[in-house]
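Peer 1: The residues making up each chain are set out below.
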Amino acid sequence: MKILIVEDEARILKRLQRMIQEIFSGELDLLLTADSLESGLQKMKNASIDLLFLDLNLNGLDGFQILEEVVAESFHTIIVSAYKDRAIEAFEYGVLDFVPKPFDIDRLTKACKRIKIDQKGADHLKFLSVKKAGKRQLIAIDEVLYIQGAGIYSEIYLRNGRKEIHNKSLDALGVLLPSYFERIHKSYLCSMKEADHLMVEPGSKYSLKLKDNKVLPIGRTRYKDISKKWFT
Amino acid sequence: MKKVALYISVGILFLMMLQSCQMEYDAFGYPDQRIMHGDSMIWKEAGYDDSHWPYYIDSTAEGIYWVRFDFELPEDLPHYEYPAIKIVSIGSYDAYWDGTYIGKSGQIATETQEEEIGPYWSFFVLDKEVAQPGRHVLSLRSHISDKNLFQHAYFVMDDVYSLTRTPLQITKYMFLIGGGILIAAFYFFMLFITQRKDYASLLLSIICLVILTIFFLEYVKLFYAYPYPFQRARLHWIGYLHLFLTYAVPYTFTLLFDFPFKKYLFLVLAIVVIWLENKYHFSFDYIAKQHNMIMWIFSILIVLYAVYKRQKTALVILSGCILALIVLKTSKYVKIPYVSAYDVGLFMSFIVLILSILVALTIIRRHERKAFEASLVLSERLKTELLKKNIKPHFIMNTLTSLIDWVEDSPKDGVKFIHALAAEFEVLNEMADLSLVPIEQEIKLCKSHLEVMAFRKEIDYDLKVYDIDYNEFIPPAIFHTVIENGITHGLPLDNRKIDFSIRFERTHESKRYSIHCGSKIRQISGAYEQVREGTGNKYIKSRLQESFPDRWAFTSNAVEDGWLTQIEIKEA
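The listed protein sequences derive, respectively, from chains R and G.
Taking our numbering, the leading residue of the first sequence gets 2, the next gets one more, and so forth.
Taking our numbering, the leading residue of the second sequence gets 29, the next gets one more, and so forth.
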């Protein structure tokens, strides 16, 4: 696990460093720190990190500008901020968790665990931020029909027929997406709002027909649960 | 709405003026005079041929002279029940109507007796029989002792009642208006009393009184038969007062509006006025008219500039000026008995001017009241902002997080941290309700803040002060805000140190505080650069404006060895 902490308060940075070391202990491959956005961005580029701890108010700058950018990346972001009132806004952009200051190790541990457990977020995510030709673009989550995993990144299929690439893996996105997104197959995450009916074809081939007639495969092991959860 | 009120009142004044002109007017008067030095009782006779006499002679104070009015009473002359004449003359005289002695004014000097000065005007009642249509001669055997006086004489004939009453009938309106001007003078003076340094109001008050005095001097001749030498003094005074207005009215406008070319304008005005005075000093009426015209031209120039610069109420005053000029210029088309229509027009024009200034002042007062209310709101907002400074989540939560860490790590230092925080809160709390605080308290606040921040940032902050005058006051949390900015935007030097310094300088007209932050400046890449004009600087500027309206300067910029903020306060 490679982790970066961006925090301009020296004392708090130390505290985070200490606690993260404690939480991840053996799993930790690399722990980087930065006391400004500038050096933080630099370090993000140089080391492919898995998790970012970000303070939203760095040296008088509003961190929400940078937030839009970092959530489009492959790594997960945990916000550590004094502005608790902006937590929901942060979740809308797709952060893994929002840890309000002051914090203790228990709260931090809880946040870190979310990266491992496929535990659905509180349905706050409203946008997916994708990078396209170097520019950030926000996709409204309601526009998403389904997402197909493609190795380290994902392909997002939209209502308008277009396809966008997200730098996060299907697993990483799965953690962030609202609860009506169901992992119907190891390569598919589907918005169940778009699902029409289940289809069973000969040879135990299961699939899901969407409202726009698109047919997605359903994993054999998942069929029972999905059928029970969404179609009864 | 106020403009409508102005125009309505001007309309009413106009109507009053016209109404006064509607009065029955059937007097006869103002025939040409002929004049001759010397003394002969033949000259009183109607039959004497005076056609070789001049109309005017230069020097009359050389002995007896005769003035003759040879005139025709028209056939359509109204039937006067009690015909009378009013003779207006500079000089004492004996009066003869068609050769018959009808009375005298004063007593002409004789070899044994000095002249007894007569009144400027006198009434003489005539017999009905001698005032019939046809040719008549009024002869005045006259004398002036004072060499400085110039002869002039005329007469008016009318029924004795209208001759004596009509002038008062007309002037009653003028005195009504005069009362209004007196109230305006009092009002302006009270404005000045309640708001010292409001010299425009003081000047307006004086202007009103001067107008009122001209008014009185103009019309005193209609009801007070003063000794004839006073006539000249009276005209002199009217001239001086007009001259005063020629300067005072445009000058008032330069006080009401900002006018940058004041010196040049008044220099030109002075040149024009001196030239006029030199040339026409003794043409009393003419020069008064010229002074008045110059006054309007210069006033309108100033107001036009104010309109061009979109200054408040300039349009109201401009329309007042133009309306006043129209009133003045149209007055010559109105015929008014016994009084000069020009004078009536003049007073009307002043009334219009004063009314427009009153309207303008009302508007200005309203703006001022609004500005005052806004300043109250601003003060309240600044107070809240000051209180919020230390309960903003960014400050309090970061501080608490650091504090927890210190307590967990080293309880002893944790306690020190708590004390530093308590000190900062305490000073801030003391300041909360003040708009100015002693400089010492402000520095104390800065020091305690730096102590707190040192615990949080683990940077060695130092604050040095130079030449501080501890008797000075500044708005609360001004330096504090500058230092906060320094902490936020400055990168510590390699020895993890940031040095702050506050330096005080005083010149004879201003005080300057220079706050220097010795740090590396954090470079912000284009994409994330935000305007430096943060809430902090806005707070400082608002506070300075609150306590030192329009006489402060705030600059904040990078210097070679850090960041320099300068606050300059000009002396009031």
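In case anyone wonders, no lab produced these hints; they're calculated from the structure.
The structure displayed is predicted, hence computed values, not measured ones.
Here a beta-carbon is modelled for each residue, glycine too, at the ideal position from N, C-alpha and C.
One or more hints might be untrue.
[Claimed, not checked] From the derived model, a few chain G residues whose C-beta atoms are all more than 12 Å from chain R:
no., residue
1, Ile354
2, Tyr361
3, Met425
4, Asp433
5, Glu436
6, Leu464
7, Lys492
8, His517
9, Arg550
[To be verified] Only part of the chain G face toward chain R is listed, based on derived beta-carbon distances under 10 Å:
no., residue
10, Gln318
11, Met321
12, Leu415
13, Asn418
14, Lys420
15, Thr427
16, Leu428
17, Ile432
18, Arg484
19, Tyr494
20, Tyr498
21, Thr516
[Said to hold, decoys possible] With a cut-off of at most 25 Å between alpha-carbon atoms, the simulated BS3-like pairs for lysine-lysine come out as follows:
no., chain 1, residue 1, chain 2, residue 2
22, R, Lys85, G, Lys548
23, G, Lys156, G, Lys132
24, G, Lys598, G, Lys569
25, G, Lys398, G, Lys200
26, R, Lys187, R, Lys136
27, R, Lys3, R, Lys15
28, G, Lys340, G, Lys472
29, R, Lys212, R, Lys225
30, G, Lys249, R, Lys15
31, R, Lys194, R, Lys44
32, G, Lys249, G, Lys363
33, G, Lys440, G, Lys525
34, R, Lys15, G, Lys440
35, G, Lys363, G, Lys291
36, R, Lys44, G, Lys156
37, R, Lys85, G, Lys598
38, G, Lys420, R, Lys15
39, G, Lys569, G, Lys417
40, G, Lys416, R, Lys85
Peer 1: For the pair supplied as a hint, lysine 416 (chain G) and lysine 85 (chain R), is the alpha-carbon distance within the 25 Å limit?
Peer 2: Within the cut-off at roughly 17 Å; holds.
Peer 1: Holds or violated: is the Cβ of isoleucine 432 (chain G) closer than 10 Å to a Cβ in chain R?
Peer 2: Interface hint status for isoleucine 432 (chain G): holds (5 Å vs cutoff 10 Å).
Peer 1: The hint names asparagine 418 (chain G) as touching chain R; please verify it with the least Cβ-Cβ distance against 10 Å.
Peer 2: violated (13 Å)
Peer 1: Please verify whether lysine 249 (chain G) and lysine 363 (chain G) have alpha carbons no more than 25 Å apart.
Peer 2: holds (19 Å)
Peer 1: Next pair to validate is lysine 440 (chain G) with lysine 525 (chain G); report whether the Cα-Cα distance is within 25 Å.
Peer 2: Holds, because 23 Å separates the two Cα atoms, which is no more than 25 Å.
Peer 1: Using the nearest Cβ pair, does threonine 516 (chain G) come within less than 10 Å of chain R?
Peer 2: With a minimum Cβ separation of about 4 Å from chain R (threshold 10 Å), the hint on threonine 516 (chain G) holds.
Peer 1: Does the CB of methionine 321 (chain G) sit less than 10 Å away from some CB of chain R?
Peer 2: For methionine 321 (chain G), the interface hint is violated, since the closest Cβ of chain R sits about 63 Å away, which is over 10 Å.
Peer 1: Would the hint on glutamine 318 (chain G) be counted as holding, given a Cβ-Cβ threshold of 10 Å to chain R?
Peer 2: Where the cut-off is 10 Å and the nearest Cβ of chain R is about 67 Å from glutamine 318 (chain G), the hint is violated.
Peer 1: Histidine 517 (chain G): least C-beta distance to chain R exceeds 12 Å?
Peer 2: Violated: least Cβ distance 6 Å, not greater than 12 Å.
Peer 1: Would the non-interface assignment of glutamate 436 (chain G) survive a Cβ cutoff of 12 Å against chain R?
Peer 2: violated (8 Å)
Peer 1: Measure nothing beyond the straight line between the CA atoms of lysine 569 (chain G) and lysine 417 (chain G); if it is 25 Å or shorter, mark the hint as holding.
Peer 2: Satisfied, since the Cα-Cα distance of roughly 16 Å is no more than 25 Å.
Peer 1: At 12 Å, judged by beta carbons, does tyrosine 361 (chain G) keep clear of chain R as stated?
Peer 2: At about 73 Å from chain R, tyrosine 361 (chain G) clears the 12 Å cut-off, so the statement holds.
Hint compliance for this structure: hints 3, 4, 5, 8, 9, 10, 11, 12, 13, 19, 20, 22, 25, 26, 28, 30, 31, 35, 36 and 37 are broken, all remaining hints hold.
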